[in-house]
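Trainee: The lines below spell out each chain.
Protein chains: 4
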Amino acid sequence: MPLTSDIRGVVPIAPTPFHPDGRIDETSLDRMVDYFEGVGVDGLTILGQLGEAGKLDHAEGTAVARRVIGRTRLPVIVGVTAPGFAAMRSLARDVMEMGAAGVMIAPPNTLRTDDQVAAYFRNAAEAIGPDVPFVLQDYPLTFSVAMTPALIRRIVTENPSCVMLKHEDWPGLEKITTLRGYERDGSMRRIAILVGNGGLFLDFEAERGVDGANTGYAFPEMLVDVVRLTREGRRDEAHDLFDAHLPYLRYEQQQGPLGLAVRKYVFKRRGIFASDAQRKPSQNLTPQATEEVEYLLARLARTDPRARLPG
Amino acid sequence: MPLTSDIRGVVPIAPTPFHPDGRIDETSLDRMVDYFEGVGVDGLTILGQLGEAGKLDHAEGTAVARRVIGRTRLPVIVGVTAPGFAAMRSLARDVMEMGAAGVMIAPPNTLRTDDQVAAYFRNAAEAIGPDVPFVLQDYPLTFSVAMTPALIRRIVTENPSCVMLKHEDWPGLEKITTLRGYERDGSMRRIAILVGNGGLFLDFEAERGVDGANTGYAFPEMLVDVVRLTREGRRDEAHDLFDAHLPYLRYEQQQGPLGLAVRKYVFKRRGIFASDAQRKPSQNLTPQATEEVEYLLARLARTDPRARLPG
Amino acid sequence: MPLTSDIRGVVPIAPTPFHPDGRIDETSLDRMVDYFEGVGVDGLTILGQLGEAGKLDHAEGTAVARRVIGRTRLPVIVGVTAPGFAAMRSLARDVMEMGAAGVMIAPPNTLRTDDQVAAYFRNAAEAIGPDVPFVLQDYPLTFSVAMTPALIRRIVTENPSCVMLKHEDWPGLEKITTLRGYERDGSMRRIAILVGNGGLFLDFEAERGVDGANTGYAFPEMLVDVVRLTREGRRDEAHDLFDAHLPYLRYEQQQGPLGLAVRKYVFKRRGIFASDAQRKPSQNLTPQATEEVEYLLARLARTDPRARLPG
Amino acid sequence: MPLTSDIRGVVPIAPTPFHPDGRIDETSLDRMVDYFEGVGVDGLTILGQLGEAGKLDHAEGTAVARRVIGRTRLPVIVGVTAPGFAAMRSLARDVMEMGAAGVMIAPPNTLRTDDQVAAYFRNAAEAIGPDVPFVLQDYPLTFSVAMTPALIRRIVTENPSCVMLKHEDWPGLEKITTLRGYERDGSMRRIAILVGNGGLFLDFEAERGVDGANTGYAFPEMLVDVVRLTREGRRDEAHDLFDAHLPYLRYEQQQGPLGLAVRKYVFKRRGIFASDAQRKPSQNLTPQATEEVEYLLARLARTDPRARLPG
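Residue numbers (our numbering), protein chains in the order written: chain U, 3 to 313; chain L, 3 to 313; chain C, 3 to 313; chain D, 3 to 313.
To be clear, the hints were calculated from the coordinates, so they are not data collected in a lab. There may be inaccurate statements among the hints.
Repeated chains share a single entry, so a pair holds when one copy, or any two copies, can fit it.
What the hints assert, rightly or not - No farther apart than 20 Å at their CA atoms in a straight line, the calculated lysine to aspartate or glutamate pairs in the EDC-like style are these: (1) 282 - 160; (2) 282 - 8; (3) 282 - 39; (4) 282 - 296; (5) 270 - 128; (6) 282 - 128; (7) 270 - 59.
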């Protein structure tokens with residue numbers, strides 16, 4: 003079943019596990035999928051930036067997609083961002099045939115004007131085909147492409163196959179409110195809005211009306227709980243849990259290979275990954291950074307026992 | 003008399019002459035103004051990038067403006083691009099009181115979305131005051147801000163005091179045609195369009211309907227002639243003259259301090275400037291570059307005797 | 003007494019108070035200076051980005067500097083970042099004559115190569131004069147200029163008047179460790195390193211060996227305490243206090259005019275500023291954002307009574 | 003035989019011919035290869051930006067490479083620039099097995115510091131394998147990555163498989179002189195330097211010591227002649243020919259899809275391509291632009307009969 007604008011909840015951005023020698027670790031991949039299912043997420047996104055997609059060739063990428071899609075009944079979204087529409091189309095068609103629910107597309111950082119951005123997504127939507135639902139990724143910090151709410155509305159309106167926004171603008175709270183306002187005033191059809199950016203503002207984003215989270219935080223359980231507690235109107239409880247995680251979350255959310263190194267380290271510590279190896283170019287945690295992470299986890303574990311990891 | 007959208011012809015961007023020790027050379031400044039008047043230009047732009055405006059402090063900048071405005075009856079446009087609206091307002095008010103015809107404003111390179119660019123010019127127009135006519139500078143290559151024709155129309159429409167476009171987009175021919183089309187279809191009021199970019203496409207830009215040139219080419223006589231010949235429908239003659247200049251023009255139009263060094267060198271060779279000194283940070287011509295410029299001038303002089311310079 | 007590399011502790015980045023009609027509010031300015039002195043900071047930085055320096059003209063900027071310098075015996079650092087070296091020199095000389103302790107310089111976002119960045123600071127140091135101590139601002143997120151530790155070492159080595167680094171790279175912990183390592187291995191003379199970036203990583207930055215904080219957090223008391231507790235080896239207490247502030251701190255640290263709006267709002271709530279007005283272009287807090295800030299302050303006040311503000 | 007630093011002469015950047023319906027036009031592809039051979043070029047570069055590489059998927063790209071390599075005995079260089087090293091490696095290995103002479107790599111526009119650029123090329127060279135000769139593309143205008151001569155020397159020194167520089171910096175003449183100086187003073191091994199940038203400065207670049215041209219100008223005969231005439235010391239003849247082409251060359255060298263549209267149009271007019279179709283996203287020549295090109299060709303044909311095209 004293809005992705006629709008009804009998707010909500012938590013859709014983790016999955017890292018890709020490697021053996022220390024660089025081969026894809028399929029056992030860990032399976033374990034991660036099972037783990038995500040077990041904690042009650044609502045879907046999975048693979049082959050995003052966090053998944054080191056650029057370090058997999060086409061065959062490897064499609065192999066990962068096939069394995070994940072084959073193992074779970076959750077909807078799987080596949081990152082198909084590519085330098086050209088031909089490669090994007092090719093990957094999108096391949097993974098949709100395997101049973102992916104939809105694809106995610108980020109804009110190239112060379113786009114400047116509103117017209118250029120809108121044209122890009124029209125061309126992308128045409129390239130992958132109108133039957134392939136796609137997620138619009140709005141992440142100016144990483145992609146250097148700024149989209150106003152009005153531009154997002156335009157993209158959504160021009161492309162019926164755009165069903166979800168991965169919102170990770172920063173600051174971004176008013177943007178969410180504006181977009182939800184467009185829906186209420188009838189100027190934009192409803193789309194799903196799930197937030198990224200490591201979840202750094204999930205506590206308030208959830209209150210502003212987003213449908214969930216689509217990010218790579220190493221404790222997706224917290225994302226699930228915060229989204230649920232907010233939906234249930236239990237504001238203080240949501241913030242209490244979120245705030246307990248925030249010192250570590252902030253540390254994890256450092257941009258680039260360091261943030262990935264932290265996440266993989268914690269996945270290893272949690273027994274999900276056998277190794278925290280990255281493919282090259284990679285960045286490893288220094289001993290001091292490792293100590294800092296352990297310190298943060300120990301402090302978190304005082305409040306959230308799920309962070310209590312065996313020595 | 004303030005600048006209006008009726009301005010047309012050639013408005014050179016003036017460099018600022020310095021003594022070798024860095025002091026402003028007022029004698030050369032006067033000589034340049036007289037020289038420009040003598041070759042039949044229609045105005046002057048001072049304190050632009052080419053005028054090394056950033057290397058003058060406020061007192062020096064206003065002194066240059068006062069001297070130029072006091073010496074010529076041509077309309078003088080003053081560059082007031084500044085990092086903040088307070089400094090922009092301050093300089094704009096000062097030079098308008100001295101008798102400047104208008105000011106020129108370039109967008110800061112941090113602007114991205116159409117809305118940001120439009121807001122910037124609304125704020126700038128408000129800061130300098132609605133009585134101060136301004137020139138909108140559209141130079142993506144240098145300023146990294148891309149403006150579509152529709153965005154320019156929006157800026158023109160939102161700001162009655164915007165009377166002229168300094169067009170230096172590249173490629174830019176279709177942009178001119180589109181803007182002139184907006185005027186014809188009544189969706190934009192008429193503004194003056196003068197071209198910059200060293201004049202690299204003046205031959206065709208003039209045919210596309212611009213009103214003239216607003217650039218720092220070291221032989222403004224050529225710009226004057228090409229604009230006139232095109233207006234008179236003498237296409238082949240216009241191109242013959244332009245093409246003769248093109249090898250040197252292209253050399254001069256190299257971006258940054260090198261292009262300025264070439265122009266100052268030629269101004270010195272033509273007897274307009276006593277020295278080709280730049281203020282620091284500066285770039286001088288190497289002996290090989292000097293030889294190349296001399297070679298190009300000698301070749302040009304075969305066709306255009308105005309390039310025949312005394313050894 | 004001029005700034006030296008011995009500066010340490012907390013040096014707040016001061017906002018500039020305005021009346022609702024846009025005039026500078028000198029009473030609030032005085033009150034802020036007194037307040038900073040009262041909480042035990044070690045210096046003040048004025049006319050930075052947070053101080054809306056671009057919205058003050060030269061006369062206003064120097065008037066603010068004169069008033070602040072005249073009122074406090076703390077060392078005052080003045081932001082002199084400017085589009086050209088002439089304006090930078092002019093402002094630097096003016097404020098040093100008034101008794102400023104030093105100046106702060108950020109690189110223009112057009113710089114790319116290591117050589118360009120190094121040349122820029124050589125030229126800047128020469129422009130302001132070798133007797134004027136300066137703070138090197140390393141803030142890639144805002145200025146788009148990336149400096150490796152080796153490049154910072156080069157700038158420090160080439161410019162004896164560079165006495166302090168305002169470190170706000172992100173991620174930045176390993177950078178601090180590398181720079182301190184350069185000092186230990188003798189390849190770089192010791193400089194002061196104070197951190198910015200809203201203090202988002204101050205807890206660990208303090209442990210990594212920085213000398214303090216140079217940022218605009220609205221509760222500088224917390225910065226003072228965390229720096230002190232860390233220096234005293236009371237790690238858990240430092241983190242307990244920091245973590246209590248983090249949910250609000252993260253909210254305040256949103257980039258651009260929003261972050262400034264939050265800080266000014268809290269300064270008003272704390273009775274330091276009479277108004278939270280910004281000069282245009284400005285951004286005000288929406289009612290929902292105001293509610294979010296109040297909610298965060300109320301939660302913070304449960305742990306830190308200094309955040310308990312009168313209704 | 004693999005590419006070495008002995009390559010010199012003219013190596014055109016080849017466009018890719020399409021049928022109007024978007025299919026690759028293999029007949030035109032063959033005709034182009036034969037045409038290039040016939041005019042005496044020294045190699046071919048395919049799947050570069052000009053070749054619309056991003057609009058071909060992996061299978062199409064390798065099919066084009068196979069066909070071109072199979073048809074010519076000239077060395078064929080293949081663009082393998084990719085968002086990740088896995089795809090780069092995969093394409094590089096594939097085309098080298100087919101008999102390509104080497105590959106061309108451009109840096110991603112996210113790189114900033116010298117260290118980042120150097121690390122990128124070390125990683126790229128390792129990814130494709132030390133046995134694959136590569137061309138370093140230095141094109142700041144398009145790729146936004148600035149490399150000083152010292153950085154290029156570092157890349158050349160760190161990567162024995164880097165055998166050629168595609169030089170298209172602008173301004174760039176002094177850079178060539180500096181690099182050749184490095185070779186003479188023994189601080190850099192000799193590499194081939196071929197120039198791009200549409201050939202806009204080939205006349206002087208050839209005099210500065212480059213080995214030839216590696217660009218997509220629609221009359222490669224001119225490039226061949228200018229390189230040869232300069233090598234033979236016939237300076238005035240070289241410039242006479244170059245200057246005759248310059249008005250059209252400048253028009254063709256407009257950045258982006260417009261420049262490609264002009265080249266394809268002229269290839270069609272010359273009978274090399276059956277169609278000037280681009281794959282989407284594309285830009286077609288307007289009637290006015292077509293008239294301008296025809297006018298320029300007619301003027302050029304007065305001097306160079308090779309530009310005399312059948313009506």
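Trainee: Could you run down the list of hints and mark each one as holding or not?
Mentor: Evaluated hints:
For a Cα distance limit of 20 Å, the shortest separation of residue 282 from residue 160 across copies, 18 Å, qualifies, whereas the shortest one inside one copy, 39 Å, does not. In the homo-oligomer, the alpha carbons of residue 282 and residue 8 never lie at most 20 Å apart, since the shortest distance is 38 Å inside one protomer and 32 Å across protomers. In this assembly of identical chains, the alpha carbons of residue 282 and residue 39 never lie at most 20 Å apart, being 29 Å within a copy and 40 Å across copies at closest. Taking CA atoms no more than 20 Å apart as the test, residue 282 paired with residue 296 passes in neither setting, with 25 Å inside one copy and 46 Å between copies.
For a Cα distance limit of 20 Å, the shortest separation of residue 270 from residue 128 qualifies neither inside one copy, at 40 Å, nor across copies, at 28 Å. For a Cα distance limit of 20 Å, the shortest separation of residue 282 from residue 128 across copies, 10 Å, qualifies, whereas the shortest one inside one copy, 34 Å, does not. Within a single copy, residue 270 and residue 59 get their C-alpha atoms no closer than 24 Å, and across copies no closer than 36 Å, so neither meets the 20 Å cut-off.
Violated hints, listed in ascending order, are 2, 3, 4, 5, 7; each of the other numbered hints is respected by the structure.
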